[in-house]
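J.: Taking the hints into account, I'd like the entire structure generated from these sequences.
Number of protein chains: 4
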Amino acid sequence: MSGMKVTIWNEFRHEKTNAAVKAIYPEGIHVTIAKAFADAPDIEVTMATLDDPEHGLSDSVLDQTDVLFWWGHCAHGEVSDEIVRKVQQRVLQGMGLVVLHSGHYSKIFKTLMGTNCSLKWREAAEKERLWNIAPGHPITEGIGEYFELEHTEMYGERFDIPEPQQLIFLSWFQGGEVFRSGCTWERGNGRIFYFRPGHETYPIYHNAQVQKNPVEFGTLGSTTSPHIYRQGAKQPCT
Amino acid sequence: MSGMKVTIWNEFRHEKTNAAVKAIYPEGIHVTIAKAFADAPDIEVTMATLDDPEHGLSDSVLDQTDVLFWWGHCAHGEVSDEIVRKVQQRVLQGMGLVVLHSGHYSKIFKTLMGTNCSLKWREAAEKERLWNIAPGHPITEGIGEYFELEHTEMYGERFDIPEPQQLIFLSWFQGGEVFRSGCTWERGNGRIFYFRPGHETYPIYHNAQVQKNPVEFGTLGSTTSPHIYRQGAKQPCT
Amino acid sequence: MSGMKVTIWNEFRHEKTNAAVKAIYPEGIHVTIAKAFADAPDIEVTMATLDDPEHGLSDSVLDQTDVLFWWGHCAHGEVSDEIVRKVQQRVLQGMGLVVLHSGHYSKIFKTLMGTNCSLKWREAAEKERLWNIAPGHPITEGIGEYFELEHTEMYGERFDIPEPQQLIFLSWFQGGEVFRSGCTWERGNGRIFYFRPGHETYPIYHNAQVQKNPVEFGTLGSTTSPHIYRQGAKQPCT
Amino acid sequence: MSGMKVTIWNEFRHEKTNAAVKAIYPEGIHVTIAKAFADAPDIEVTMATLDDPEHGLSDSVLDQTDVLFWWGHCAHGEVSDEIVRKVQQRVLQGMGLVVLHSGHYSKIFKTLMGTNCSLKWREAAEKERLWNIAPGHPITEGIGEYFELEHTEMYGERFDIPEPQQLIFLSWFQGGEVFRSGCTWERGNGRIFYFRPGHETYPIYHNAQVQKNPVEFGTLGSTTSPHIYRQGAKQPCT
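Respectively, the protein sequence lines represent chains G, S, Y and W. Read in order, the letters of the first sequence are residues 1 to 238 in our numbering. Read in order, the letters of the second sequence are residues 1001 to 1238 in our numbering. Read in order, the letters of the third sequence are residues 2001 to 2238 in our numbering. Read in order, the letters of the fourth sequence are residues 3001 to 3238 in our numbering.
Note that these hints are calculated values from the structure, not bench results. If you're wondering where the values come from, they're calculated on a predicted model, not measured in any experiment. Cβ coordinates follow ideal geometry from the N, Cα and C atoms, glycine included. Treat the hints with care, as some may be off.
Cβ-Cβ distance ranges computed for the label pairs, FRET-style [claimed, not checked]:
(1) W:Q3174 to S:G1142: 45 to 55 Å
(2) S:D1042 to W:G3142: 18 to 28 Å
(3) W:S3080 to Y:W2121: 25 to 35 Å
(4) S:T1046 to G:G94: 38 to 48 Å
(5) Y:S2058 to S:G1176: 40 to 50 Å
(6) W:R3122 to G:E123: 28 to 38 Å
(7) S:D1081 to W:E3044: 43 to 53 Å
(8) Y:P2041 to G:D63: 26 to 36 Å
(9) Y:D2052 to S:A1124: 49 to 59 Å
(10) Y:K2016 to G:Q89: 50 to 60 Å
(11) S:E1044 to W:G3142: 21 to 31 Å
(12) Y:P2041 to G:G77: 52 to 62 Å
(13) G:E123 to Y:P2041: 53 to 63 Å
(14) W:A3075 to Y:P2053: 34 to 44 Å
T.: Right under this line is the structure:
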């Protein structure tokens, strides 16, 4: 599909201040995610970060955004309420929103869900297996029964979210927890996809990892809006 | 069920300032609603209004509230954000919430829905027929295929809400509109029921009307929390 | 999207035996529906009817079907259980299914829903207004707030179906009824769309009508499978 | 709630022919389940088995049934289609249905779901942890974050069911699988609860086990119909 426009928003703080994170994502998580779209020539990628003016989310940027990816962790509180309201309105008008990992606690996700979006977590570099619960959904195109991440932060239930419209992935963790790791909702005219994998101290979004676990980024690329759905089939998953 | 505790919150402004409203609800809409519970001896009713300290919703009142009814119209903006956050947390912890009519635009409802909760409206004293879409649900106990209100304000789709967990009532309006007039959602551990009927210049909640259309209040009495569900069967509906 | 394959199944009995129906659909309802796809060159249309061998639904036909349209009315009971089981399995494997009007009582629809799929009806050539409840959904692309049919058979609630995944259209009828006229469900890997309009004695599917109410067929063309979703934007709606 | 009527249906074949099963459930699984209701004096329990006339499900028995429990495994095919249709109609009219464990493949469950209800399974006496996803739901009353079964048959996704109305339990299995182990749906006026635990060669339903894991039976006792919901709070869970 020609001209699909993705904006990748990253808090971009850990990568500047934490040596371990910097080593994995020297240019920032957003750049790593953006590179995952390099083989999808129809997708135009824009990047935006917290410390840009208006957090990089000016009206002109949002006017050019079909789908917004959101990664944040330690600075959720610094996102201005005005920008959150603006992004909420864009979603209700039809923009897709993909919330990644610790973005579950972002203002924009909590605002759209109406709940606390709380969960359990543990950093033990344990194994995660993501079961494909919706094999007919475009997001899971090219994924078989499950895919695995060898070393990941654990997120456990109960995840305080409204019942998803569709449950896409269910995670099993080595330590005994389960998690609804891929969920869709519709709000207004927009679609929202929460995708659990990803952590600043594990190379989940890194190219090297992506080359080993390509299915993971396949799921990011084929996402929540009808426009992006169309991209699904064309994106190389191997 | 013994000791079920209902708190009825009313903005209580129209009734003081507008002669037409005052004529219909001289003591306030909350008092009229409270009286509808008079024949349910197991239900303890508390009332609270916007101009009470803490809007009448102190921690000690909320501690004693299983289900909160909410009526507001012209002063949604005067409800403090702090109280809204507190009520939201109570709902997520398990308190039932019944939002009435123009409460669709209240801060608490919009916060819990995550959407704009906008709709169409017209004041033409037209006929409304509420079709019972969930005949097996406790809320509709004692209601047949539909019930009617002869002179009502119209609310029309599209109502900007998340897909309800269950659609309870669908309204037909004389002028050509339809509306999802009874909807349930779960958020956190709490249940939410939106119920459309009611307007400050029509005697929808007035005893005389209730005596003619008793089913309407039956729906208010058997509501969203498991505790109130239990009440359903015991409440006289004729 | 190149090569999307639609099979239109029609009971094709009324058109042979009833002069009034024959006058409106001389070649059969399936041919009229097929012609509505004439301007969508990427869509390959196949037709099948009850009196064909295997009801026209051989394995080789189903192998070449991305989406199956189903129109039936007076001969539901003559559809073989074996064919119904086969079509059910195809849907569960990912085939889209669009059930039209009186197809609500077809074996295949009842089998996939698990309910009686009963409803009220009245033939009074009354006005129907279909409100667009899902303006962000591909099915409603190009439709505004609502569209109208001047003379239609009424279908009224309660429609005995499982809660839809998404409610697309809500009908208002002149005579006082409402109906969930456009509904989606997912079953297995397949998507199902029920679309109410259409009747054998009203020219709902006829070209002349379509030219006056083109949006109606726009909704049929952009339907339930991701493949057909992609077609939505390209299909001329005027 | 006085006079709530539960009928427990058991295939009752393994217990007669298999020594291992007989040792665990000498009187039949139905009797063990029935005894779990012994401390709930308001509940009247009836039992019915496959080899009874009309499978024990005559009209007069069904007339006296508010909720039907269903356990079957090796003889699903021997249940008559006529009885299945009758039970389906009762559910649609408002009877609650609790489907246990291998009952996922019963005719009645598949009929009501419209899908294949297939799943993965493995008998390795492995550990299962059932996470409570719906802490505000009556079924989970008295259950904390999770409960565990030390030695159980594994059931794994993808479970081919329609998206549940509400997800109640999510299971984690030692061997790497997850499963939607407690799910609710509404069909017609009736409510359905699928509950995974239970196997004929593990003493899941046995009193001794129940005494160790009382919460498990608590979930069976407070179930799907509003009538049974009311029972929830009164049932001893320790």
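J.: Verify the CB-CB distance for D1081 of chain S and E3044 of chain W against the hinted window 43 to 53 Å.
T.: holds (52 Å)
J.: Has the hinted range 52 to 62 Å been met by the Cβ atoms of P2041 of chain Y and G77 of chain G?
T.: The hinted range 52 to 62 Å holds for P2041 of chain Y and G77 of chain G, with Cβ atoms some 54 Å apart.
J.: Return holds or violated for the Cβ distance of P2041 of chain Y and D63 of chain G against the range 26 to 36 Å.
T.: Given range 26 to 36 Å: holds, Cβ gap about 33 Å.
J.: Given a hinted range of 53 to 63 Å, is it respected by the beta-carbon distance of E123 of chain G and P2041 of chain Y?
T.: holds (55 Å)
J.: Hint says 49 to 59 Å; check whether the CB-CB distance for D2052 of chain Y and A1124 of chain S agrees.
T.: holds (53 Å)
J.: Would you say the C-beta atoms of S2058 of chain Y and G1176 of chain S sit inside 40 to 50 Å of each other?
T.: Holds - the Cβ-Cβ distance for S2058 of chain Y and G1176 of chain S, about 46 Å, lies within 40 to 50 Å.
J.: With respect to the beta-carbon atoms only, verify the hint that S3080 of chain W and W2121 of chain Y lie 25 to 35 Å apart.
T.: Holds, at about 32 Å.
J.: I want to verify a distance hint. Is the separation of the beta carbons of R3122 of chain W and E123 of chain G within 28 to 38 Å?
T.: holds (30 Å)
J.: Do D1042 of chain S and G3142 of chain W keep their Cβ atoms within the hinted range of 18 to 28 Å?
T.: Holds: the Cβ-Cβ distance is about 23 Å, inside 18 to 28 Å.
J.: Between Q3174 of chain W and G1142 of chain S, is the Cβ distance one that fits in 45 to 55 Å?
T.: holds (49 Å)
J.: 38 to 48 Å was suggested as the range; check whether the CB atoms of T1046 of chain S and G94 of chain G agree with it.
T.: holds (42 Å)
J.: Are K2016 of chain Y and Q89 of chain G spaced within 50 to 60 Å by their CB atoms?
T.: Because 55 Å falls inside the window, the suggested range holds.
Checked against the numbered hints listed earlier, the structure breaks none of them; every hint is satisfied.
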